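The sequence shown begins at 1062 in our numbering and counts up one residue at a time.
These are computed hints drawn from the structure, not numbers from a lab. Given the structure is predicted, the values throughout are model-derived calculations rather than measurements. There is no bait here: all hints are sound.
Only pairs whose alpha carbons sit at most 25 Å apart, straight line, appear in this in silico SDA-like list of lysine to any residue:
id, residue 1, residue 2
1, K1335, A1492
2, K1513, L1485
3, K1260, W1233
4, K1390, K1400
5, K1513, S1426
6, K1400, R1436
7, K1260, C1566
8, K1390, K1501
9, K1408, E1477
Label pairs and their in silico Cβ distance ranges:
id, residue 1, residue 2, range
10, K1392, R1454, 31 to 37 Å
11, A1214, G1527, 53 to 59 Å
12, R1516, G1417, 27 to 33 Å
13, S1391, P1537, 32 to 38 Å
14, G1527, E1185, 48 to 54 Å
15, A1310, R1570, 31 to 37 Å
Glycine residues also receive a C-beta, built at the ideal position from the N, C-alpha and C atoms.
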Amino acid sequence: MLGRLQMQVQVQVHMGAVSFILPVNRLDDACCHFRPRYQSSLRPAIRARILLPSRAHQYAPSRRHLLTLAIETSCDDTSVAILEKHDGKLDGKLGTPSARLHFHEKITANTALYRGIHPLVALESHQTNLARLVDRALRSLPDADHAAVGRPARCVPVLADRRDGSRAGIAWKQKLDFVSVTRGPGMRSSLATGLDTAKGLAVAWQVPLVAVNHMQAHALAPRLVSALERAATTTAEGTGGGHAGAKPAFPFLSVLVSGGHTLLLESRELVEHKILASTKDIAIGDCLDKVARAVLPAEVLASAETTMYGALLEAFAFPDAEYAYAPPKSKGEELSARKTDYTWFVKPPLSESPYGAKAHAMEFSFSGLVTSAERFMAFRSDPLTGRTTKEPRVPAEIGIEERRTLAREVMRVAFEHLASRVVLALSQASASTGASQPIKTLVVSGGVASNKFLRHLLPAFLAARGFEGMEILTPPPSLCTDNAAMIAWAGMEMFEAGWTSELECLALRKWSLDPGAEDGGILGVGGWVA
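I would like the entire structure built from these sequences, with the hints used as guidance.
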């Protein structure tokens, strides 16, 4: 189809400081020579951007709203959502988009027996629950208008439910514009279950497929929240329009924190998220889970019905949600270990290195916090140095208050370590003379972002370092953890930008957001159709 479009397009090529425009007479010529999947061969000396018209209009040329079903199965959560998005245009002018969730449910695999995520149990949970969730979701599709009933191009038949739960006849529902699904990163077997289901739905309904980067969806989650809030406001006020564009607008900083990732990004545009810092060992969520298993009383762990041990650690450390947090006022104070009422103290990560080089390195490290917590619980500490000795401790002698103090200290140090790299990034951006658009917004997303102590600590830490004006956006907890709603939104944005996925695309265990990464980032992998 693209090859038949006779139009003039341009290829803009950046080569170092030189930028020039190449005319291309046919759209397929541009795609052949500068396909995004081949960008890795052009980095870092050459970056090519094809200035293509949006492809979304091919499917809905005059519609001001889009409808998608989304599937998320990257780890142990099986989630399905149906999202409708309106572009917010008023009198032909771009407005603030609004969105409505018609359906959003999630089922988490029960792996408490293994005290952690078990890939086979997660896979079985996806295979057991995904089809049923999709079945329920379809009955939540908006009703088709009367003129569309019976027309396959505009509506789909769905078996309706009686009030007693039995099926009764056919209900005609609006047809989806496309299907969204998580392609990666994540556990490949879990991803493949969702991806294969989405492919089948796309083929059955004859609609496009959009295979989404899971971490990109986390970064865009606050834009979904903005659209959902806009829809609620519009419904309440009976008005439309508003300020142009989705919020937050690019560029902004993103902190993506979960059990598998710890990333600090400069989110420049939809598909360009430059990695400023990442963990050199384990993710912050993994750290908190392991500390929880070491510190929480045995009876708390035994009674847990979830493997979200980081959340259990937070609840144990702050039972009354009283934080009494005082941020460090300087880098020196930040790197100094704070005294406790016990013989141990928790040292900040990367605080000890030759000439203090690591203290200003744009990287994270959390494995040392796990080691410290485990050793404090297993061995006595020297009251003068705080270092552990070889004298073992009996678990029964470690009281609740000491355990609670250790849990609080580990979280404080971990979150301050996270915040310190945000300060470094903001300081470097402020010092840059070539920054055309100053960063004013910080997005914090991912499962760990639901931690209320982190939400309390981060603005206080930034304010103490001179960044009190920074807007910090964090989705509600239900949209911080893995969910299909954020996949639906990311699919919406990619679809509107002109991107869909080939049916041959495969699940990706690893998939970077950064165009400068080895795989070329979001658009660097194969499987995109532009």
